[in-house]
Every structure is written in structure tokens, then in C-alpha cells.
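Chains as they are written, first to last, in the working numbering: chain Y, 1 to 449; chain W, 1 to 449.
Don't take each hint at face value.
The list makes no distinction among identical chains, and a pair is therefore deemed to hold if it is satisfied within one copy or across any two copies.
Claimed, not checked - Distance condition first, Cα-Cα at most 16 Å in a straight line; then the derived EDC-like pairs of lysine to aspartate or glutamate: (1) LYS195 to GLU158; (2) LYS222 to ASP69; (3) LYS222 to GLU36; (4) LYS193 to GLU166; (5) LYS30 to ASP207; (6) LYS414 to ASP94; (7) LYS146 to ASP248.
If you are wondering where the hints come from, they were derived from the structure by calculation, not from laboratory data.
Number of protein chains: 2
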Amino acid sequence: MQSFELDKSDIQRIRQALDGDDDALKVLLKEYHASEIAILFESLPQESRERIINILPSETASEVISEMDYEIHPEKILENLHPEKRSEIVEEMDYDVATDIISQLPEEQQDEILGELDEENASHIRQLLTYEEDTAGGLMNTQVLKVNHNLTKKEALEEIIRQSEEMEEFYTINVVDNHNHLKGIVSLKDILKSKNTVPIRELVNPDFVFVKADTDQEEVAKRLSQYNLTSIPVVDDEMHLLGRITFDDVIDVLQEENTEDILKISGVSEDEELAGNWKEAVKSRLPWLVINLITAFLAASVIRYFDQTISRLVILSGYMTIIAGMGGNAATQALAVTVRRISLSDLTDNQAYRTVLKEFTVGLINGAVNGFIVLIFALFYDNNPMLGLVIFLAMTGNLIIAGITGASIPLILKRIGIDPAIASSIIITTFTDVFGFLLLLGFASKLLL
Amino acid sequence: MQSFELDKSDIQRIRQALDGDDDALKVLLKEYHASEIAILFESLPQESRERIINILPSETASEVISEMDYEIHPEKILENLHPEKRSEIVEEMDYDVATDIISQLPEEQQDEILGELDEENASHIRQLLTYEEDTAGGLMNTQVLKVNHNLTKKEALEEIIRQSEEMEEFYTINVVDNHNHLKGIVSLKDILKSKNTVPIRELVNPDFVFVKADTDQEEVAKRLSQYNLTSIPVVDDEMHLLGRITFDDVIDVLQEENTEDILKISGVSEDEELAGNWKEAVKSRLPWLVINLITAFLAASVIRYFDQTISRLVILSGYMTIIAGMGGNAATQALAVTVRRISLSDLTDNQAYRTVLKEFTVGLINGAVNGFIVLIFALFYDNNPMLGLVIFLAMTGNLIIAGITGASIPLILKRIGIDPAIASSIIITTFTDVFGFLLLLGFASKLLL
Numbered sequence: 001m002q003s004f005e006l007d008k009s010d011i012q013r014i015r016q017a018l019d020g021d022d023d024a025l026k027v028l029l030k031e032y033h034a035s036e037i038a039i040l041f042e043s044l045p046q047e048s049r050e051r052i053i054n055i056l057p058s059e060t061a062s063e064v065i066s067e068m069d070y071e072i073h074p075e076k077i078l079e080n081l082h083p084e085k086r087s088e089i090v091e092e093m094d095y096d097v098a099t100d101i102i103s104q105l106p107e108e109q110q111d112e113i114l115g116e117l118d119e120e121n122a123s124h125i126r127q128l129l130t131y132e133e134d135t136a137g138g139l140m141n142t143q144v145l146k147v148n149h150n151l152t153k154k155e156a157l158e159e160i161i162r163q164s165e166e167m168e169e170f171y172t173i174n175v176v177d178n179h180n181h182l183k184g185i186v187s188l189k190d191i192l193k194s195k196n197t198v199p200i201r202e203l204v205n206p207d208f209v210f211v212k213a214d215t216d217q218e219e220v221a222k223r224l225s226q227y228n229l230t231s232i233p234v235v236d237d238e239m240h241l242l243g244r245i246t247f248d249d250v251i252d253v254l255q256e257e258n259t260e261d262i263l264k265i266s267g268v269s270e271d272e273e274l275a276g277n278w279k280e281a282v283k284s285r286l287p288w289l290v291i292n293l294i295t296a297f298l299a300a301s302v303i304r305y306f307d308q309t310i311s312r313l314v315i316l317s318g319y320m321t322i323i324a325g326m327g328g329n330a331a332t333q334a335l336a337v338t339v340r341r342i343s344l345s346d347l348t349d350n351q352a353y354r355t356v357l358k359e360f361t362v363g364l365i366n367g368a369v370n371g372f373i374v375l376i377f378a379l380f381y382d383n384n385p386m387l388g389l390v391i392f393l394a395m396t397g398n399l400i401i402a403g404i405t406g407a408s409i410p411l412i413l414k415r416i417g418i419d420p421a422i423a424s425s426i427i428i429t430t431f432t433d434v435f436g437f438l439l440l441l442g443f444a445s446k447l448l449l
Numbered sequence: 001m002q003s004f005e006l007d008k009s010d011i012q013r014i015r016q017a018l019d020g021d022d023d024a025l026k027v028l029l030k031e032y033h034a035s036e037i038a039i040l041f042e043s044l045p046q047e048s049r050e051r052i053i054n055i056l057p058s059e060t061a062s063e064v065i066s067e068m069d070y071e072i073h074p075e076k077i078l079e080n081l082h083p084e085k086r087s088e089i090v091e092e093m094d095y096d097v098a099t100d101i102i103s104q105l106p107e108e109q110q111d112e113i114l115g116e117l118d119e120e121n122a123s124h125i126r127q128l129l130t131y132e133e134d135t136a137g138g139l140m141n142t143q144v145l146k147v148n149h150n151l152t153k154k155e156a157l158e159e160i161i162r163q164s165e166e167m168e169e170f171y172t173i174n175v176v177d178n179h180n181h182l183k184g185i186v187s188l189k190d191i192l193k194s195k196n197t198v199p200i201r202e203l204v205n206p207d208f209v210f211v212k213a214d215t216d217q218e219e220v221a222k223r224l225s226q227y228n229l230t231s232i233p234v235v236d237d238e239m240h241l242l243g244r245i246t247f248d249d250v251i252d253v254l255q256e257e258n259t260e261d262i263l264k265i266s267g268v269s270e271d272e273e274l275a276g277n278w279k280e281a282v283k284s285r286l287p288w289l290v291i292n293l294i295t296a297f298l299a300a301s302v303i304r305y306f307d308q309t310i311s312r313l314v315i316l317s318g319y320m321t322i323i324a325g326m327g328g329n330a331a332t333q334a335l336a337v338t339v340r341r342i343s344l345s346d347l348t349d350n351q352a353y354r355t356v357l358k359e360f361t362v363g364l365i366n367g368a369v370n371g372f373i374v375l376i377f378a379l380f381y382d383n384n385p386m387l388g389l390v391i392f393l394a395m396t397g398n399l400i401i402a403g404i405t406g407a408s409i410p411l412i413l414k415r416i417g418i419d420p421a422i423a424s425s426i427i428i429t430t431f432t433d434v435f436g437f438l439l440l441l442g443f444a445s446k447l448l449l
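Just chain Y, with the same shape it has in the complex (with noise of 0.2 Å):
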């Protein structure tokens, strides 16, 4: 019996086995679970990785393989390994698995790949690359558990049998006719209780969920996970069973779209590999800088036209980055909370107009209180009352418009199509900085001057 962690010394250990020869390598490499040299592969060289996945069985490799992270290339491996032993590793792999991977290849490698498979292997890998990625087709597995609806209980049972033999893991069983309609699922606690004789047409559940191919991968995990499901069948549009998506691949996409979702907010190109190199993430990040250098600029003419007042009243300057900082950070927060509640539930009219008046109520009161505390500032240190009036009222509007802007740029953009986490706190503090620098020099200029 064993419980499995990862340290230090795991690594350590195998980095020292791999000084050694392959015999005791291969030794080592036995006490470990697939999963966990996979992500040993995150610290050790590509020629290392690719000397440990030919000592391995290929049913272990094609583990490892499947578990890598996309981001450490498992479909550099496979580009390097001897055909022979490819075609061992990719028909031990699931399909969608094998089929994520091997699109990662340019077009000839992945017919050269194919070529090796044998005939059942490759179509289904054909098939699949069809998908669109982020669709339940690009997602589904086509290897899926399914019994005729006429058959018996006992005959259905010996069929499960035999088809769970090739397949490394079922959760539910789909019901077909004779046509590969899907009929329905029955779980197989249900078909264990019932008697021999019955027909497996009299088990099934005819009220149950499943996703069209083209259907969006996030919509998928959405509903999976609403229903609580292990699995969910995956059909086209007259009905005919095509796959059926797991529990562990939504996992994989929830975390891919928060991600996205966290990135996104901030200003990083959803597509940037979080352990990508320096080039990757310039490209990623440069043209949104580039986006807010412009946006900064109105921002600073803001500035350039009060230049007298300024001048007039150099004090002024501090005060300017207070408020307009406050209310870009005021705004981010708005921001964080509805793009979050927005991708995690769709909002009703109602319920979007009480979060916009909810967050000018926020805006109001935190502008209101930290207006005030600067307020006292500029009366005891400044001992200016005026400019303490000037600061409480920009503060307090600068709040406010961060409230709204934060909750209904969001909205508006899901209400059209748009992704709202783009509108990162970048778009956003735009607002902020513009109105910050507006209400605190044309408050100033009217009221101190």
C-alpha cells in the first residue's frame, strides 16, 4: 500500500539513475505512477524524457504521454520515437488523448503517424481531428461502452463484459437501437438488480442529458458539472452516438478557462503558456501595453489642457495619482466580482441592472469614506478646505464611475457576443484615469482658482 507524493528526493534520485544504466533505471522508474513521471518530465531535459519513455512498457509510456502537460510538448516525443514503438504507445492511448497530441503536429507527420496505426486506431484518430479543439467533438473520446436496447439483462451484462475489457475505465452505459440512435443511459447498479430475462429497453432512463458535437467545451463543463455527471454522450443531429466526454476532461477545461479568465482580466493574451519563455509572453503581453500607451495618452491630455491650473497649483500633482489610482483599483475589484459571477451563471435583465446599482452603491460609499479620509488630509496638512471639498467630491466620483464602469462594461460585452473577461483592468482604469484627472482638475479649476 502506498500513498503518492512527489519531493526533492524523488527527483534527485532519478536524475541520479539517469547517470546510470538503463536496468537500474527501469527499476527506479517502477515505484512510480505514470502520472507522477509525467510531471517528473516538467524538470528533466527532453533527451531524458525521451530515454525514460523507451525503457518503459508502452502501456506505462502511453500513461506518462497522456498525463504530460501540454505545455512540455508530449507530441515532441512522440516525433522522436521509433515508429514501431509510436504505434505501440498511441493505440494504448485513448483517442481524444492521442488525438490532442498528434494534432500538434505539422499535417505530414501526423498522416506518417497515422500510416503506422493500425485500421480501427487510425479512423477514429481521423475522425476526431475533424473537431473543432474547443467543441464536445474536439473533446470527446469515440470509444464509448453501448448495448443494443433489445437485448436482455444477461445478454447486455456478458456485452459489457466484453466491450470494458478494451477500455480502461466506464462510468455509464449507453443505450442504442439498432440504428446507433442513443436511446438513453442505465447505470450498471441497475442492470445488476434487475432480473435475467428483462429487456434492457425496460431499464433505460429516457430523461437524460448529452451534447451536440459542435456544442462549446465550456458549455460542456457546465453541464456536466450542474448534473453531476461522470460522463455525458456526445451525438450529432439525428441522434446517433458519437463519444462521450468524461468528468476528467471538464476538469482539464475548467481549469484551461479560468486560466483564460485570470489572464484575460489582466491583460495577458488568453493564449500565453503560463511557463512559456520570454518570447512568448512579449508577444502575448506587448500589444495590450501598446493598447493602454494609447488609452494612457488621453488620459495625459487630460492633464495637458488643465497644464495652468497645475502650475497654478503644483499640490495638485499628488492628489492627481490618489484619486486616480483609488479608482482604478475600485474598479478592478468591480470588475473581478462580475466577470466571475458572469462565467459562472448567466444573468437575468433583473439581475444585471441590481449588480450595476449595486456596485454605484459600493462606489459611492467607499468613495465617500476614503474621500474623506483624504479630506482630512488636505484640512490639517494642506489646512485648504477647499481643495479637501475638491478632493472628497472627485474621489467619491471617481468611485462611482469605477462601480458602474466595472459591472457594466462586462455585462454589456456578454449581452453582445463579446468574452467579458476582455475587459481587462486595462480597458477599464482607462475610464478611471480619464474621469480621476477630469473631476479633480475641473473641480479644482472652478472651485480654487
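Guided by the hints, dock chain W onto chain Y, whose structure is given.
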């Protein structure tokens, strides 16, 4: 056959039926899945929710309450139900869900509800109430399917069918010895495939993954998703089987942790409920804004220090906001990528070092590019090459600082055991504000005056 999709017309129909009598409402509700009714509840007032729960059969009512978003307080429905109906509903619930909901009520009411339940239900829930909410113990369901390792295949199968009668769903079968020590797990598939007389102990896979009751829920989620498990057994220090955690609980944990990450990084308290009212939002965000106000005074004091420089060259005011704003955004980018990366996997020392180095490089390049654009502007618009040089240097320097702090502060926090996401943009942008002003005004006072 039916696909589940909710839209406005459904809400409309239910609303209309709520104006009519119970019988018509009852008929209409039959068309909906429990988890759909739970979603509909979000747009219905409390009285309507309670009326619907009272109309539904206890089994469905129990599912609806189990599926309700915690933010619309399922415990309030329990509170007001007739004791008899209430005990029926709670007894239908999974123990872990019942515990989560009951734990939201004051102790007095908890005792009242537990007193109404039958002994078995009450004692399970009482035990679960003793575990911390965010540990494996707090997450687990104590209703597990287990068989003694001495049983034969035939006996075990009968036992499994018997136990599964009372269970909504099961995924793996736990094998225990006479003293309830967990010896391993076995899949139904492996049992079905074996001969009738083979003892279960020979089918057990002794290499299996489990968690202790006090394991943090985030760790549980990582392990379950890493090993692609549908469920994971929970044991005490002596390996006694206590319960199981299923993939659907883990999906909820992942969503919860992701929400916390995105909120904290944006300077919102992790406890703020996304659909909460303005009072909760003010309570959650005002402290962060006040912290930000204090740090903003720090940045403003840098500006004050250079009062003379600004009054002699008011043109600097506009550039100040550009340099500080760009630094803040670049820091937010580096922060988001680093925090998300840490939250998905632990980094080795070497990976941490390389991350900071990467962000330094990204800052240098993005700083130089943006600095160059502003330099060109200063050259042609302000006709001042020296000013251009000052801005170029300040921009490059500030984006380097942004990259280094955005990456290293969360890494350091993680090392010393503080949640890295707390290094919110509010904290990080203080650095870029202060250093942005220092660099621009410092260079300006040396080179321009």
C-alpha cells in the same frame, strides 16, 4: 427523450403557475430536473421556494435543496419546513451535503433538526460536523460502498447490490479487513470479469490513492484530478476508512478556489459572495482600498518631494501618469501569470529563479518598446530630445521593476507560507507608482533642469 435547457420562458411559466393552485404547479414541476428547479429558485422569492419544496415529493425536494447555490441559502428553507417533511427531506440527502447545509444554522437549530432524524442519519451528520469545512473530512460523504476482503466474488457482488440500493451513485468499491482498515480498491468491472469463487483480496489493487481526513481540500482536488479518479477514499491515521470524496465535490472546490484566486488578485476579500449585497461588498473591499490609500500617499509623497521640478516643468505631469500606469499594468500581467502558475503546480527553486529572470527580460523589452514610442512622441510633439531620453529610461526601468516584483513577490509569499494571490495588484502597483515617479522625476531633475 429530452435535452435540458432553461430559458426565460421556463421562468415565465413557473411564475404564472405560482399564481395558480398547487395541482397545476405540481404537474408543471414534473417537467423539470431537480437541478433546474434549483437554478429557477435563484430568480424566485423565498415564499415561492418554500411553497415549491412543500409541493414536491421529498426525494425531489431533497435533490433541489442539495443543488441550490449556497448563496441563496438552502438552510433557510429547512428552517421553515414542517419537522416531519424536513426529516424526510434531510434523510434523503447525501450526508456531506446535509452537513454543509445544516452547519450554516445556529447550533440550537442544528440540534433540533438532528433530533428529528433517525439514529443512523443523525450520527453520520453529527460526526461530519466535527471536521473543518475546507478539509477532506469536511468534504467527504461517510456513505461508502465497502466489502470485506474475505468475501468471494459472488458474495461481494450481492453485498454491492445490497449496499448500492441505499446509495445514489457509487464509483469504486473499497475493500476493508475485519477492522475496517482500508486494504485497497477494486472496480466493479474487475469483479464482474473474475470467477465466482475468487476471494476479493486477490482482485484488490494495493497501489491506490487516498487522503487523510485533515488534508486540505485544495490538495484533495489536486490529487483527484492528477490521478483522474472519480472518487478518493478518506482515512484516519490508522487507515480506518471514514468516507469518500467524489469528483463532483472536487469540481465545486476547484471553482471555489479559482473564484478566490481571481478575487484576491484583484484586491477583493476571498469571502465576498459574488451575488452578495452592497453591504457585504463594502465590507470586503473597503479595507483593501484604505490600504491602497495609504500606499497612494507614499507615491504622492514622492511627487511632493519633486514639487520644484514639476512646477518648473509642468509638462512632466502628463508623462508621470503614463509611466506609473504602464508600470501598474505590466506588473498586473506578470502577477497574474505567476500566481496562476503557482496555483496549478509547485515550482522548484530553479523554476522560480528562471521565472523572475524571464519577467526581467519581458520588462526590459516591453519597457524599451513602449519607452521608444513615448520618446518619439516627446521628440516630435514636445520637441525635446532630452525629455524623450528621460521618459525612455523611466519607462524601461519601471517595467523592469514591474516584472521583477510581479513575479517575485508571489513566489516569496508562497515560500514563507502566505497565499500568493494576496499579492494583489493593489500591493504590486504601489511599487510601480513609487518607482515610476522616482525614476521619471529623479532623471528629470538631474538631466532637464
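Hints, one by one, checked against the model:
no.: 1; hint: LYS195 to GLU158; result: both (14 Å within a copy, 14 Å between copies)
no.: 2; hint: LYS222 to ASP69; result: between (23 Å within a copy, 14 Å between copies)
no.: 3; hint: LYS222 to GLU36; result: between (29 Å within a copy, 12 Å between copies)
no.: 4; hint: LYS193 to GLU166; result: between (25 Å within a copy, 12 Å between copies)
no.: 5; hint: LYS30 to ASP207; result: between (45 Å within a copy, 12 Å between copies)
no.: 6; hint: LYS414 to ASP94; result: neither (35 Å within a copy, 36 Å between copies)
no.: 7; hint: LYS146 to ASP248; result: neither (20 Å within a copy, 24 Å between copies)
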